Amino acid sequence: MEKKVFLFTLLFVLLFGTFASAHSGRTDSSGGHNCSEKSKAKGLCTGYHNHNGGGESTSSGATIVNSEKDCTDFASYDEVVEYWNKKGYSATNDPENLDGWGNGVVDDGIPCEVPSGYDKTKINNSAEQIQHNQEEQDLASGEKAGYPNGVNDGYQEVTSNNVASTGSEAYKAGYATGYTKGYDEGKTKITGEKTKAASDGYTLGQKQDTIQIPALYINHAGLKQSFEGGFNKAVTERVEAKKKEYKDLGYTDGKKDVNNVPKDIEEVYVNAYLEGYNTAQDALKDEYLKQGYEAAFTILKYTKPNLDNEKFIGWYKEGFESNTEVKQISAAGLALGQAGDSYNLPSKYKNGEVIFKHNYELGLKEYEEQQSTNQKAAVGGVGGLALVWLGRRLYIAKKMIG
Amino acid sequence: MGIYRTISYKVEDLFIKMLSKKQDAEMIKEKVATYRTRNEEVRNQRKLNKKSKAV
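If you're matching them up, the sequences are chains A and B in order.
Under my numbering, residues 1 to 402 are what the first sequence spells out, in order.
Under my numbering, residues 1 to 55 are what the second sequence spells out, in order.
If you are wondering where the hints come from, they were derived from the structure by calculation, not from laboratory data.
All figures in this text were calculated on a predicted structure; none of them were measured in a lab.
Beta carbons are placed, not taken as given, at the ideal position from N, Cα and C, and that holds for glycine.
A portion of the hints provided could be inaccurate.
To be verified - Derived pair list, reagent style DSS-like, types lysine-lysine, alpha-carbon separation capped at 30 Å: (1) B:Lys29 with A:Lys398; (2) A:Lys398 with B:Lys22; (3) B:Lys10 with A:Lys399; (4) A:Lys244 with A:Lys256; (5) B:Lys21 with A:Lys207; (6) A:Lys311 with B:Lys51; (7) B:Lys21 with A:Lys398; (8) A:Lys399 with B:Lys47; (9) A:Lys398 with B:Lys31; (10) B:Lys10 with A:Lys398; (11) B:Lys47 with A:Lys398; (12) A:Lys398 with B:Lys53.
To be verified - Only part of the chain B face toward chain A is listed, based on derived beta-carbon distances under 7 Å: (13) Ile3; (14) Ile7; (15) Asp24; (16) Met27; (17) Leu48; (18) Asn49; (19) Val55.
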C-alpha cells in the first residue's frame, strides 16, 4: 500500500509539481489555465495546462518557471506598468516573462502590449524613461546655468541672449528658461534701483546746483544716468520756479510802468524779469490803444486824455488815429445826408452813432443848401424870361403907335 | 398859341394905352389893327411857303 501511495504521489508531483512556466497568467483552482494568445505567439504553451507540479513540456524545451501574473490579468495597461515598476522588473529582470524571456536578448523592457501613444517614460528602466530622465537632468542643469547669467545681463541692462552655445537640446532649453527668468529678475532689480537713484538725485538737486554722484551709482551706467536725470530734473524745477518768480515781479512792475531790474542775479533771471515786464507793457499798450480806438467812435475830434503818463497818452492817440472804421461811418452818414434821405442809423454803425449823426447833419445841410440854390436859379430864370417877354411887348407896342 | 397871343395882345394894349394917353384913340386903334393884320398876313404867307416847299 505504501508503495502505491508513493508511486501515486510521484506521478502527481511529475504532473502537477512546482514549475515556472515561461509565460504569464493566473492559475485556476486546479492550478492550471488556458494558454493566452500572447503566450501562444511566444510558443510558451498551446492549450490548457497546469502549473505548480502539473508540469508541461514545451516544444521549445525552455525552462519552465512558475508565473504569478499574465498580461490578461490586468484591467488596464497602467496596472501592468504599476505592477512592473513595483516589482522592479526590467528587460534583464523579468521572472514572470511579462516582457519576453527576461534574459535581455529579445526583450525591450516594455511589458505586454503597450497601447499606441502610451507614455513609456512611466515604465521603469525603459529606454524612454532613461532618456526622459537624462533630459530632465539636462533641463535642470541648463536652467541652473542660465539663471545667473540672465540675472547679470538683466541687471547690467545688456541685450538679452538666452542661447547656450553647448549642450544637448534639453540643456539649451533649460538654459533659455533659466536665463529668461534671471534676466527678468535682474531687470526688475535694476529698475527698482534706478527709481531709487533718480529719487536720490532729485533730492540732491533740490538742495544744490553741483552734482555729486554717490559711489553706489557711479559704476553702473544706468544707475548713474538715473541719478543724473533726477538731479537735473530737480535743478530745472528750481530754476523754473525762480524764473517764474522774477517773471511775475517783472509783470507787476511793467503794469506800474516801473522798470526796476533786480541787481546781483543771474542773467537768466534778468531775462525772466524783462520778459514779464515787456509782457505787462504790451498789455498796457493794448489797453490804451483800445481806449483811444473806442474813443474815436464817440468824439468828433481827438482830445488829449486826462492821463499823467506821456507814454500812455501816445498809445491812446495812436489807438484813436488807427480807427479807420470811423472814416467809413463818417462817409456813410455824410452820403445819407447828402442824398436828403431821412435819418436811419445802420446797426453796424451803432457804436459810432455820434459820428454818423454828425456827418448826416452835415450832409443834410449840404443837400438843403443845394436845393435852395437850385430854387433861386429857377426863380431867377423865370423872372428874366418874363422881363424879356414884357420888353418885347413894350417894343411892339411902341412900334405899333410909332 | 391862341392864349399866348391873346395874353400878348392884352399886355401890348396896356402898354399902348399908357404910351398914347394924349393921342387920338381911334387913330391908334387903326394903327394897331393895321400892324397886327399885316403881321398876320406875313405869318400866313410863311406858312403857305413852308407847305409848298414840303410838297
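Hint-by-hint comparison with the structure:
1. B:Lys29 with A:Lys398: With Cα atoms ~13 Å apart, Lys29 (chain B) and Lys398 (chain A) stay inside 30 Å; holds.
2. A:Lys398 with B:Lys22: It holds: about 14 Å lies between the C-alpha atoms, which stays within 30 Å.
3. B:Lys10 with A:Lys399: Roughly 16 Å separates the two Cα atoms, so the pair holds.
4. A:Lys244 with A:Lys256: holds (18 Å)
5. B:Lys21 with A:Lys207: Status violated; Cα separation ~134 Å.
6. A:Lys311 with B:Lys51: Outside the cut-off at roughly 91 Å; violated.
7. B:Lys21 with A:Lys398: holds (13 Å)
8. A:Lys399 with B:Lys47: Within the cut-off at roughly 24 Å; holds.
9. A:Lys398 with B:Lys31: holds (11 Å)
10. B:Lys10 with A:Lys398: Within the cut-off at roughly 14 Å; holds.
11. B:Lys47 with A:Lys398: holds (27 Å)
12. A:Lys398 with B:Lys53: violated (35 Å)
13. Ile3: violated (14 Å)
14. Ile7: violated (9 Å)
15. Asp24: violated (11 Å)
16. Met27: violated (9 Å)
17. Leu48: violated (24 Å)
18. Asn49: violated (23 Å)
19. Val55: violated (33 Å)
In summary, the structure is inconsistent with hints 5, 6, 12, 13, 14, 15, 16, 17, 18, 19 from the numbered list given earlier, while agreeing with the others.
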